[in-house]
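Engineer: Kindly produce the complete structure, drawing on both the sequences and the hints.
Each chain is listed here by its residues.
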Amino acid sequence: MELRNFRIYRGDSDGGEMMDYQTEVGKGMVVLDVIHRIQAEKANDMAVRWNCKAGKCGSCSVEINGKPKLACMTRMNEYDDDETISIRPIRSFPIMRDLVADVSWNYEQNKRIAPFKPDITKKDSNGDYHMMQKDVDRIQEFRKCIECYLCQNVCHVLRDHDKKDIFVGPRFMIRVAGLDMHPLDTEDRIPDVKDEYGSGMCNITRCCTDVCPEHIQITDNGIIPIKERVVDRYYDPIKWLTRKLMGKSK
Amino acid sequence: MESSEKLPLAYTSRTDRWWVEPIWTGAGFLAFVFYTTWSMLQAEFYWFSAGVEGFGGYLSPFYSPLIFINPTANGAAPLDHAWFGSWPGWWPKLIPASPAILILIGPLSFRMTCYYYRKFYYRAYFLSPPACAVAGIPRKKYKGETTLLVFQNLHRYTLYIALGFIVILTYDGIMSFFRGGKFGVGVGSIILIINPILLAGYTFGCHAFRHLVGGNKDCFTCPNGKTTKRYRLWKGVSWLNGRHMLWAWLSMVWVALADVYVRMVAMGRWTDFNTWGM
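Residue numbers (the working numbering), protein chains in the order written: chain U, 1 to 250; chain C, 1001 to 1278.
No lab work stands behind these hints, which were simulated from the structure alone. By construction, the Cβ of each residue, glycine as well, lies at the ideal position given by its N, Cα and C atoms. Treat the hints loosely; a few may be bogus.
The list that follows gives simulated cross-link-like pairs (lysine-lysine, DSSO-like), each with its CA atoms no further than 27 Å apart [to be verified]:
no., chain 1, residue 1, chain 2, residue 2
1, C, K1093, C, K1119
2, U, K117, C, K1217
3, C, K1006, U, K67
4, U, K122, C, K1229
5, C, K1140, U, K163
Calculated from the model, a selection of chain C residues having no Cβ within reach of chain U, i.e. all distances over 12 Å [as the list claims (entries may be wrong)]:
no., residue
6, F1029
7, V1033
8, Q1042
9, G1054
10, A1097
11, L1104
12, V1134
13, L1154
14, W1234
15, G1242
16, F1273
If you only want the chain C side, here are some residues facing chain U, beta carbon under 10 Å, derived [said to hold, decoys possible]:
no., residue
17, L1007
18, Y1125
19, T1170
20, C1219
Structural biologist: Put into structure tokens, the structure is as follows:
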């Protein structure tokens, strides 16, 4: 065990400040362990959201030395012994208290997305649907999302430009991608992707992919493929002309 | 700071060296652009065949295809290699008679609209943002790729141009193994055949290509549950796509290296070691 220095944000929606703490850190400890130790020893009223402590619930998203991370998956041995480690709440959402941010805006975005609408003609005689694994592999990657909202936090469209009114953010772009690429789904979400969810606001700087603790290729496998589908529908002049000549709407 | 506040440029709590990546990528690409522009304006020393006539020789990839040729320029290709003959008389005197001027816009447009390049130049040049969790240039009206940058959506058309260049540069690579119609191998042959391989690795891993070969499908095994050729193709393209950044840099550096090599050999500064003995 050795004594280490920390700076942790303390405050609420009215404001706050970084406060200094010292605590002993042992082998194998993660940042969430440290927060709990400080909470137990020195700051009983410090708020932190956590649950599984295994990187699967997505609750303990914070910014450690400025980098958006899960506190439970960030090992203390990543940092130098003499380094003062700063811990802040995620920046893109309003602070509720200390390390807890209000991420409820994200739940509202989820409600805006048209749900899964399967093709009922593809039911077999028992009323079951069948899919080949090859067709499902691509969309299963997006189901790994634990909704930690680190991608939403780091997306500069939401973080720097605060365009929450016109862009749903990377988490919901991959939710749309997962539905739109589903082999049984029949809902057409592409007009909404462009006009309501704001796909054009994303300029592919890939920070969402960089911070994803589930290593989902958000940009390459989710956002860009869905942007290309928007191109098919709205920007490709040859496809547009072909649709006009063939009398098709999409 | 509250999330709704506009932060000053480069505001961050990050303590690592976040500025290294935008600097090296920005400087690296800028160096390439400077060299390419300089080379394009030279209009000479882009061809080497040791003075031997007939099929074969080294052609700088920046100058290929040889749409027109000014045969009086130093280190120029023989006139019979030109697609449309000698340099046209209407060409303005102020602009060098360089085939590269007519060519480079094609590959450059492909790279400038490439999804990987967009990542790095939005970060390095537009500072939008310079790095993750680092504040970009404060703007009143951020529009993303919806207004001025809406042309980025035509990336697939620049892909079609780039695919044509793969064919042309492969032909040049094969041609580099001949001199006066005789087969052989030189250092230049190896450089010029690796060039289209790297460019193919980059071009065939393109996100737009990945979409067009299969990504636009929701079902890869329809209608009979069997794996389709498009699925196999999509898987192959996806493999390349996962390494798109690597292919992008390798192919970019190599194409410049190929031009440097042909230029230096054509100028007589470097000796081309080869099996022809000339």
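Engineer: Indicate, hint by hint, whether the structure satisfies it.
Structural biologist: Taking the hints in turn, this is what the structure says about them:
1. As the CA atoms of K1093(C) and K1119(C) are separated by approximately 39 Å, the hinted pair breaks the 27 Å bound.
2. A threshold of 27 Å between alpha carbons decides the hint, and for K117(U) with K1217(C) the separation of about 17 Å falls inside it, so the pair holds.
3. A hinted pair counts as satisfied when its Cα atoms are at most 27 Å apart, and K1006(C) with K67(U) qualifies at roughly 19 Å.
4. Restraint check for K122(U) and K1229(C): satisfied, since their Cα atoms lie roughly 23 Å apart, inside the 27 Å limit.
5. For the given pair, K1140(C) sits about 11 Å from K163(U) by alpha-carbon distance, which is consistent with the 27 Å threshold.
6. With a minimum CB-CB distance of about 16 Å to chain U, F1029(C) clears the 12 Å threshold, and the non-interface call stands.
7. Consistency note on V1033(C): stated as away from chain U, and its beta-carbon is indeed over 12 Å from all of that chain's, at 20 Å minimum.
8. With a least CB separation of 34 Å from chain U, Q1042(C) remains clear of the 12 Å interface cut-off, as annotated.
9. With a least CB separation of 41 Å from chain U, G1054(C) remains clear of the 12 Å interface cut-off, as annotated.
10. Look at A1097(C): its CB is around 34 Å from the nearest CB on chain U, clear of 12 Å, so calling it non-interface holds up.
11. At the 12 Å boundary, the C-beta of L1104(C) stays outside the reach of chain U, the nearest C-beta of that chain being 24 Å off.
12. The claim that V1134(C) is not at the interface with chain U is violated, since a C-beta of that chain comes within 12 Å of its own (minimum 8 Å).
13. In this structure L1154(C) is not separated from chain U by more than 12 Å, as the shortest Cβ-Cβ distance comes to only about 7 Å.
14. Once the 12 Å rule is applied to beta carbons, W1234(C) is inconsistent with being away from chain U; the minimum gap is 9 Å.
15. Its closest Cβ contact with chain U, about 7 Å, brings G1242(C) to no more than 12 Å, contrary to its assignment away from the interface.
16. In this structure F1273(C) is separated from chain U by more than 12 Å, as the shortest Cβ-Cβ distance comes to about 41 Å.
17. Because the beta carbon of L1007(C) sits about 7 Å from the nearest beta carbon in chain U, less than 10 Å, this interface hint is met.
18. Residue-level restraint check for Y1125(C) is violated (minimum Cβ-Cβ distance to chain U is 12 Å; threshold 10 Å).
19. About 26 Å separates the beta-carbon of T1170(C) from the nearest beta-carbon of chain U, more than 10 Å, and the hint is not met.
20. Restraint check, C1219(C) versus chain U: the minimum CB separation of about 4 Å is within 10 Å; hint holds.
Violation of the numbered hints given earlier is confined to hints 1, 12, 13, 14, 15, 18, 19; the remaining hints are satisfied by the structure.
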